[in-house]
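Visitor: Sequence:
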Amino acid sequence: MNQQEAWARFVGEDVLPYRLQYILELHRYYLEHIDEITQTFLPIFDQLCHEVCQHQMNEKMQECLGIRISLLRTSILDGEPVYMLEAYDEQTIDCAQTTSYRYQAGWIFKYMAEWQQHCEEQRRKYAGKVEICGLEAWMNEQVNPFHLYMVHAVRYAMDQAVELTSFQNMVKGKQFDIRVGEYRDANVSESVYRLNKIMRSSITCKGWLENLLEHQYVHEHIAGVNLSLGNYQGINLNYARFEDVDFTRSNMQNSYLLGTRFERCSSDQVDFRHSVLIDADFRHCSLKNARFDHILASRDLMNEQHAVVFGVRGMLFQGANLTDASFRNAQVAGDFRGAILNEVDFSGADMTGSCMFKRDMNLVSLDESQRQSIRWIEEEEHSLGVF
Numbered sequence: 000m001n002q003q004e005a006w007a008r009f010v011g012e013d014v015l016p017y018r019l020q021y022i023l024e025l026h027r028y029y030l031e032h033i034d035e036i037t038q039t040f041l042p043i044f045d046q047l048c049h050e051v052c053q054h055q056m057n058e059k060m061q062e063c064l065g066i067r068i069s070l071l072r073t074s075i076l077d078g079e080p081v082y083m084l085e086a087y088d089e090q091t092i093d094c095a096q097t098t099s100y101r102y103q104a105g106w107i108f109k110y111m112a113e114w115q116q117h118c119e120e121q122r123r124k125y126a127g128k129v130e131i132c133g134l135e136a137w138m139n140e141q142v143n144p145f146h147l148y149m150v151h152a153v154r155y156a157m158d159q160a161v162e163l164t165s166f167q168n169m170v171k172g173k174q175f176d177i178r179v180g181e182y183r184d185a186n187v188s189e190s191v192y193r194l195n196k197i198m199r200s201s202i203t204c205k206g207w208l209e210n211l212l213e214h215q216y217v218h219e220h221i222a223g224v225n226l227s228l229g230n231y232q233g234i235n236l237n238y239a240r241f242e243d244v245d246f247t248r249s250n251m252q253n254s255y256l257l258g259t260r261f262e263r264c265s266s267d268q269v270d271f272r273h274s275v276l277i278d279a280d281f282r283h284c285s286l287k288n289a290r291f292d293h294i295l296a297s298r299d300l301m302n303e304q305h306a307v308v309f310g311v312r313g314m315l316f317q318g319a320n321l322t323d324a325s326f327r328n329a330q331v332a333g334d335f336r337g338a339i340l341n342e343v344d345f346s347g348a349d350m351t352g353s354c355m356f357k358r359d360m361n362l363v364s365l366d367e368s369q370r371q372s373i374r375w376i377e378e379e380e381h382s383l384g385v386f
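When we follow numbering that gives the first Met the number 0, the leftmost residue of the sequence shown carries the number 0, and every step to the right adds one.
You can trust all of the hints, since none of them are fake.
With a straight-line cut-off of 27 Å between C-alpha atoms, the simulated BS3-like cross-links for lysine-lysine are:
#	residue 1	residue 2
1	173	196
2	59	171
3	59	173
4	287	357
5	124	109
6	196	59
7	196	171
8	205	173
9	287	205
Simulated from the structure, these hints should not be mistaken for lab results.
Treat the numbers as computed from the prediction; the structure is a model and nothing was measured.
Model the full structure from these sequences, guided by the hints.
Guide: Pasting the structure below:
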């Protein structure tokens, strides 16, 4: 066995299968501890926002254009992995800044460290045919599947972060973006919260979306427009955020809405059939007569090749009005606590990973396997944040 053959066998048999194992362990830890993780992140974020407000009061900083949350690669090598938080305005957007606002991310990278240790132990079995320098270089390219859990964590925390007085008092630019990535590398950063105050008219916005431009709408923020009766079939709205938008009677069949967030939106009679709605958020929306037939919205879907798990939160319907909505033959892991579920059609739906209030047990029409697959929650548990 030559070096090339040894490397192929080493990666294929001794390394990648175990990467999957450690990612799944991290995934389970994240799901079990996300609220604790949020509470360790928010104070640091709050302190940064307070400093920005102070600088703006003292005219040391202009309108804030965004916040970067950046992994410091050297901190991984030091065994104390951290993310640095920095805010920027027009004058500092291209400046290399260092701040004291650091978030300890050991809970993420301890799993990567354990995997690396396993890889080193396996490498030694190849009697020098797998060189350590080659392994180290390859490992430097394996950070992303682990780093994604920081993206998930900050995106989850934004529900509470945007309510902080310090964040609300901060003067923001017309376009404001919070991104999680690697230090000074915009190519590997991802938006977790975007604010766009540049107003579009309903007609302009509707026409723009109906053009179905590839990748143009991902992470976008659109607010206060009437997009009803639109034909958006096949659109990619992954991780977009819609605020106070009217989608009534629109066609969104075969669309991509991974992590898409709808805040106080009217989506009555919208046709979402055959769309990907993993982690889509419809809390407190009106969805009367909406059609979710044949959608894909499961949790814990593993892409083994890239070691990425899709479906971290499930679909969120808390407080939504789903009267007469249809989920026929859907794959949906939904949080239906507090939703209005009158005459909802779940015929043939795979409800694995869903939860509902016990009070709704006799309200919804489900078969026995569906009932067994749903977690039934007492309202007292809900008030304690238990799920």
